[in-house]
Amino acid sequence: MSSTDNIIKTEIGYFSRSPRYDTEKPYTTSFPVDHIPGAQHNNQEWVFHNTAVEDARDERPELDTQGFQYLEWKTNLSRPDFKLEENIKTRYYRELAEMIKRAFPRYKKLAFFDYGVRVRDGRYPNAQGVATEHTQPFRYAHADFSEKGARMRLMDSLGEGAAERLQEMKCDLLNVWRLLNDSPTKDWPLAFCDWRTIDKSGDIIANDVVFDTSIGENHYLRHNSDHRWWYLAAQRPEEVVVFRNVSIGDPTAARAFHCAFRNTQSDPGQMPRESVEVRLAAFY
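All residue numbers for the sequence shown refer to numbering that gives the first Met the number 0, where the first residue is 0 and numbers rise by one.
Below 27 Å or equal to it, Euclidean Cα-Cα: the simulated DSSO-like pairs (lysine-lysine) are:
no.	residue 1	residue 2
1	82	100
2	147	199
3	107	88
4	169	199
5	108	147
6	147	100
7	73	107
8	8	185
9	185	73
10	169	107
11	147	24
12	147	169
13	199	24
14	199	8
15	107	147
16	108	169
17	100	73
18	82	185
19	73	88
20	108	88
21	88	169
22	100	88
23	100	169
24	88	147
25	73	108
Hint data in this document are derived by calculation from the structure and do not stem from the laboratory.
Working from the sequences, and respecting the hints, build out all of it.
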């Protein structure tokens, strides 16, 4: 049960239920297409719905039930350390490997394949489309990969070894998300939709992600009044969240559709949210 003091009334960005998507698959490109006559960067339509987002601190969500789980894990890296790719790919990856194997011992092999650092620009979200130094929060409900997209991503990242591993073992594609702010922040938290409240046959829609030399696929979420959303109030830097985007080999595994949201209880003068997110394949 969550405290009513920490239930946030906000808006969540959902993918449209327009009938056009009965015959037209959503897509987005990762590169400009302005030079191509008639081409569009994407064909997506989004609708914002008023939503209550509850504090998960007393709920204690679990990876295999709700699709996400909070862990207490203090990093040995300082905030400036995360500015260097080498620090993240060596020191931080090693820390996360220890944390994941300790918290989820069923995972026998881990393969890290990318990371991202987000620093909210003070103009966000009112100046969307403006060039910024860092990637901005994403306020639309999504999962980073479908199973098809996960297989393609693993082949791109791990090569032939990925195919061999997937023949022998099941695999979860996980994200590990951590705040980089020096103190708890209420600025644009990350929210998760409880997997148990999603209509798996009607709420999820696949989206193509078109790159220069390859194609990927992720999933977006469409609105359902049964959805229940969670966040961690006043999340501290040592409170890490691990969530599952998709499982290869177990289609029933809980997944975490997620997005950033405007916290109406945030202080106007608060420092913008900074975060680091690491994506990996966890084999079992």
